[in-house]
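Fit chain B to the supplied structure of chain A, relying on the hints for placement.
Each chain, letter by letter, is given below.
Protein chains: 2
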Amino acid sequence: MDWNGAEAFVATLSACGVDTCFANPGTSEMHLVAAIDRQPGMRAVLGLFEGVVTGAADGYARMADKPAITLLHTGPGLANGLANLHNARRAASPVINMVGDHASYHLHFNAPLTSDAAGVARPMSDWVRVARSARDLPQAGAEAFAAAMAWPGQVATVIVPADHAWTGDTAPVAPPALAAAPRVPDAAIAHAADALRAADRPVALLLGGRALRDDALAAAGRIVAAIGAQLVCETFAARVQRGAGRPAIAKLPYFAEQAIDWLTPFGTIMTCGTEPPVAFFAYPGKPSELTPPGARLVRLAGQREDAAAALHALADAIGAPAEPAGLQPRAVPPPGDRLTAHAIGAVVAELMPAGAIVSDEGLTAGAALFDATVGAPPHDWLMVTGGAIGQGLPVAVGAAVACPERPVIALQADGSGMYTLQALWTMARERLNVTTVIFNNASYAILNIELGRVGVRNAGPRALSMLSLDHPRLDWCALAAGMGVPAQRVTTVDEFRTALAEALVQPGPALIEAML
Amino acid sequence: MDWNGAEAFVATLSACGVDTCFANPGTSEMHLVAAIDRQPGMRAVLGLFEGVVTGAADGYARMADKPAITLLHTGPGLANGLANLHNARRAASPVINMVGDHASYHLHFNAPLTSDAAGVARPMSDWVRVARSARDLPQAGAEAFAAAMAWPGQVATVIVPADHAWTGDTAPVAPPALAAAPRVPDAAIAHAADALRAADRPVALLLGGRALRDDALAAAGRIVAAIGAQLVCETFAARVQRGAGRPAIAKLPYFAEQAIDWLTPFGTIMTCGTEPPVAFFAYPGKPSELTPPGARLVRLAGQREDAAAALHALADAIGAPAEPAGLQPRAVPPPGDRLTAHAIGAVVAELMPAGAIVSDEGLTAGAALFDATVGAPPHDWLMVTGGAIGQGLPVAVGAAVACPERPVIALQADGSGMYTLQALWTMARERLNVTTVIFNNASYAILNIELGRVGVRNAGPRALSMLSLDHPRLDWCALAAGMGVPAQRVTTVDEFRTALAEALVQPGPALIEAML
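Top line first, the protein sequences correspond to chains A and B.
The first sequence begins at 1038 in this note's numbering and counts up one residue at a time.
The second sequence begins at 1038 in this note's numbering and counts up one residue at a time.
Hints listed in this document are in silico derivations from the structure and should not be mistaken for laboratory results.
Which copy is meant is left open, so a pair is good if it fits within one copy or across any two.
Result set (DMTMM-like, lysine to aspartate or glutamate): computed pairs, CA atoms no more than 25 Å apart in a straight line:
| hint | residue 1 | residue 2 |
| --- | --- | --- |
| 1 | Lys1323 | Asp1173 |
| 2 | Lys1103 | Asp1252 |
| 3 | Lys1323 | Asp1153 |
| 4 | Lys1323 | Glu1312 |
| 5 | Lys1323 | Asp1206 |
| 6 | Lys1323 | Asp1039 |
| 7 | Lys1323 | Asp1200 |
Excised from the complex, chain A in its bound form:
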C-alpha cells in the first residue's frame, strides 16, 4: 500500500493505540477525514461546534488515560476549541489536536480563511508542531503522541497543511517509546516523613491530579490510618475516585476566605499532585494565597510527578499500616423539602449506580453536590479544571465514549451549559448513556455573588441585566428536543427522583431540567 500524508499520519497514531477522533472538519481537512474513514478500528464522533470536540477529547482522556484525536478546521476552528483545551491542559489530559490548514503554497495568497494557526494553538497547547511535508506528517504524529503522553498528559497540536495531507507516497512510523512517570526523589519523601513525624497539630493532605485515583488514595488512606490526616481534594480536580468504601475526602471550598477558614485547624498542609492553594480570583484587600498563617507547607509531589508512588513511599516511610483507614460509609442525606442543589445531590447519591461517572459543572451548586454525594456508591467525579465554562456537557460526551458500559451523569448549570449546548446533539447521534441535569436558575448566579465580593456597590439595572439569564428564560426541554434528546422538566424532589430513576435505566441520553 502507498500512503498519502494523511493516511500515514492517522495510521501512525492508530499504531500508538489511538482509536477515537472527535471531529468538526472543513474543506482543508477532507483528506484527513478520508484517512480516518479508511483506518480500521478508528471511531469518528462528530461535534457541531469545536468546543464540544475539544471538551469531549478532555473527558475521554480523563477516563481512558490516553489521547483521542481532535480534527479541527484551520485557525478559527481551533480557536473555537481553545477554551476547553485550556481546561484539558489544566487537567493534564493527553490530547492530540489535528488542525488542518491551507496548502503550504496557498498561504501567501492570503485567502479569507488564512490565519496563524500555530499562533492560535500556542496559548492553550503544551506542544505545537507544523508538519513540514507529507513525509514529515507521520513523524509529527509520533512526536505528538509522545508529547501528549508526557506524564500524566499534555495538549499536543499538529498543524497539517492540506497539500502535505494529500501528497504521497509516505509510510507510517513506529510508535515512540514513552518515558515513565517522574519519581519523587527519596530526599523529598524523607523530608515529608520527617514533617509528618514532627507535626504537633492536625495534618491535611491536599491532593490533586493523579493523587485522586484509587491507588493513590489507598496510600493516602494508609497515612490516615497512621496519623489521622484529613484528606482534601483540590477545588477543581480532573477526576476523583470517591464514594462509599473509598477513603473519605473533603473538597477545599471555592471562596478564598472560606478556604482559609477551612484550613486554619491544620498545622501542616502537605501537597501531592497539586500546588499550594491559591484564590481562584483576586479580590481587593484579600490574600491570593490560601495557606493560613502558621501552617507549615510541605511539598510531596507536583502534578507532573508520580503522586501514587510518592504516597505509598511516604506511607512506608512512616510505618503506616497496609490497610487504609477513614473509609467513607454508604450514606444518603435527607434531600429536604425543596428542589435545591443539595436535594439533587442527595437523590443522585441515592440512585446513582456503582461505577457511574459524574461531570460536574454545577458551579454555585458544586459544593452542595459534592458534599451530598460523598456516600454515594463508588464513582468518578470530573470537574471544571481551568475555569473556562462550557466544559460539563462535552466532558460528559467524551467520558461516555471512553466508557460505554458506565452511566454518565452531567450536573450542569444553565449559564455555562449554553456555551456548548451543541454537545446534546452528539449525545443523541451516538446514543450515549448520558443523563444531563440542568440547574435552571435563569442567572449567572456566581457572578451575582462575585459582584459584591469584588467590591461593587449599588449595582444598577444595566449591570444586573448582564448577570441575568431571564427575559426570556431558557427552555432547556425545547433546546434538548431540538437536538434529539428526550427531556422533562421537574420542580419537586419527588419529580426529580422519578425522572432520574427513569433516565438511569433507559439507554441513550436524557435531559432533566430542574427548576431551582
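Showing chain B alone in chain A's frame:
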C-alpha cells in the same frame, strides 16, 4: 468625581462616541460591568456565548462605521470570540475588545483560569495592548479607539487587569485625533485611467470593502456609463449596498474554476477596495490565482485606501459623465415550484422592504440568494468575510442594534447556524427586529461538494457521517422556542411567502425553518 480605572476607561470611550457594549462578563470584569452601568448613554447587550458578542460587534460596526465594545472574560472567553474577530478583521470592521484578566499581582500564582490573554488576542487582532495601571487604562482606551478607527477599521484589544480596573483615582483622557482615509496617489489614478483608455477587451471592476458603498458605487456607475465596464463584487464582502435603482453588480463565483471562467471574457480586471482574486482553498492541480491568463490586472485601491475617492477621481480622469449608468431595475424572478435557495431568494426579493439589511450565511445557497435578490428594493447585504462560520446570526444581532429602525433578514445555513445559535436568545431579549430563515438540509452541504473537489474518491460511511447533520435532524423551531424566538416550519414556496410576510410586519424576532 473620582474615577477608578474601569470608569475612566469607559468614560474615555464614551467621549469618543462609543455607546454600545456587547458583553459576556465574568468575575474579573465586575468593575467594568459596574462602569458600563454607570456610564450615561452606554447600552449593554448580553450574549450567552462570546462568538455572539464578537460577531455582533462586527455586524454593528459594518452598519454604524464605528466600534462597539466587547466585554470578554480572560483568555478563554476571548478565545471563544476569536473566530468572529477573524471575520471582523477580514471585514476591516472597527471593534474594541475589552478583555478582563486576573489582577496583575495575582497572575504569578497560576490560578486555574490563568492564561496568556495577549497571546490569545494577537492572531485575530490588529492591535493589542495590556493596560499597565489604573492611570494607564483611559489612555489605553483612547489608543484603542484610534487603532479601531484606523481607516476603514481594525480589531483593537485591550487586556484589563482587574486591579487596574478597581483602583483609582484616575480620570478620562480626551478622544484621540483620527487620521483621514489614505488617498490613492495621483500617479495610480493616472495609471488606471491609461489602462481603461488602452483596454481593447471588456473591463471588469472588481470591487471590495468600502468600494461597495453607495458613494463609491455611484462613481463606479459613472465608469460604466463611460466605458461599459462590468461591476463585480468580491465573493465575500462585508457590506454591499445594492438593489433596484443602484448600479447593478454581479458577484464573483466561489469555486475557483467557475471564477476563472466567469472572468475569462475580460481583458482588464481592475481591483478597488480589494486584492486580485484567489481561490478560497487550494485544490490538487488547480491554480490558487483566479486571474485568467491574458487578462491585465490593474490596481486602483486596496482595502485600506479611500476607494470611493479613487473611483470618483478615475471617473473624472476618463471624462465619465456625472450620472451613473447600468442601474439595476426592480425585478423579482419566478420562484419556481419547489422550496429551494433560489425560491427563498425570489420571495425575499418580492417582500423585502426598502432599507432592509440581509445577513447572508447561506454558504451553498449564497450564490442563488444573491442572484435572486439583485432586483430587490435597495438594501444592504452582509456576508461571511473570513470563512469562519457562525457569523450570520451574531452579525444580524449587531446590525439590528446599530439600525433599530431597519428590518434585518438573516439567511442562515443550518450547519453554520449551530456554531452560534445562542444569538437567538439575544434577539429575543433585546426584541430585535430580525427575521431568521434557516436552510435546513441536514448537511454540511458544502463539504459534501468539497470532498470530491479535493480529490477524495470512494468516501466511506465514516467519512460521510462527519459531513451529515442527520440522525438526529435538528429541529430549529424547538431550538428557537428554547431561546424565546417564535418560529414556524415551512416546506413550500407559498408557506414561506406567508411566513415571511408575517414575520416582516411583526416587531421583534422570528424564525422560519425552511425544509430544503
